[in-house]
Amino acid sequence: MKKIFLMLSCSAVILLAQDFNAPMKAYMNELEKEAKAQDASFERFDAKRGESIFTSQHIGKKAQEMSCTTCHKSDLKATGLNVNTNKTIAPLAPSANAQRLTDVEEVQKWLRRNFNDVYNREGSALEKGDVLTYLINQ
Amino acid sequence: MKRIILSCLVLASMSWAKNVPAATDALYQKECASCHFGYQPALLNASGWQKVMGSLKDHFGTDASLSQKEHDAIVTYVTQNAGNSKLTQGNTTMRISQSPYFIKEHRRIPERLIDQPEVKSLSQCAACHTKAEQGDYSERTIVIPNYGRWE
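Sequences listed follow chains F and X, in order. The opening residue of the first sequence carries number 1217 in the working numbering; numbering runs sequentially from there. The opening residue of the second sequence carries number 897 in the working numbering; numbering runs sequentially from there.
Treat the hints as calculated values from the structure; they're not laboratory data. There could be a bad hint or two in this list.
[Claimed, not checked] DMTMM-like, lysine to aspartate or glutamate: derived pairs with alpha carbons at most 25 Å apart:
1) F/Lys1277 to F/Asp1291
2) F/Lys1278 to X/Asp921
3) X/Lys1016 to F/Glu1281
4) F/Lys1278 to X/Asp954
Let the hints inform the model, and build the full structure from the sequences given.
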């Protein structure tokens, strides 16, 4: 009985967890290869590291302290606000906005731009993989 | 007859300032209206657009860079539809809001109505021009937040 229960709850977890579509999976595999090539001790992407990449403050492109949550908010299911222009941003969490993290080119473009805005440099393969692993589960 | 044609021409050249063709290009809307309202190409002259498109990596303090293919398509669209009117004359910058005519038209608006959170800056055309999306900047469509109609 216990075993069946365990199996059932496992499959429920699998069903609940968000997953990347095929093109995004291929992109994640690419990032993984790149991360491994840059650091032999790399094991796997980590949502916890991704969360701190997303929430920590940095001196950005405008020489001001900011974080990813400056525009996307701490609650990723909520509507964000572009602080530079006052325009609202639809929620970033895939559970609240099914369009998110489905188009590789769109994801690459915004990660490039947004890392430059917040970190004043592009993200590494490890950082991009970690942050996407964090975001897909939101 | 000549007079009538002439006054028609004068009228036409005056009405430009209130109406510009809407920015209907789908790629332009996707790429250039994601952070702000999609400024119509006729609001800026061709040399202004060249400057904007040549510096997207550092676009007014933010990174708005594009892939080469999209960049090239948008350069063609904005320069081919660039403005050549009172509004764009003498503008050597890459800001619509820095054109001499624009500055003159907006100089009577009190600062507190511009830097309030609902507007933020004169770059946010659609905050006051309620039909900006359609390219209509006529006075009767202006409603300034926390102030009301301008007319």
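We went through each hint and held it up to the structure:
A distance of roughly 24 Å separates the Cα atoms of F/Lys1277 and F/Asp1291; the hinted pair therefore holds under the 25 Å criterion. Our distance criterion of 25 Å between C-alpha atoms is broken by F/Lys1278 and X/Asp921, whose separation comes to about 31 Å. Distance restraint check for X/Lys1016 and F/Glu1281: the Cα-Cα separation of roughly 20 Å lies within the 25 Å cut-off, and the hinted pair is therefore satisfied. Taken as a hint, the F/Lys1278 and X/Asp954 pair is honoured in the structure, with Cα atoms around 10 Å apart against an allowance of 25 Å.
In this structure, the one hint that does not hold is number 2.
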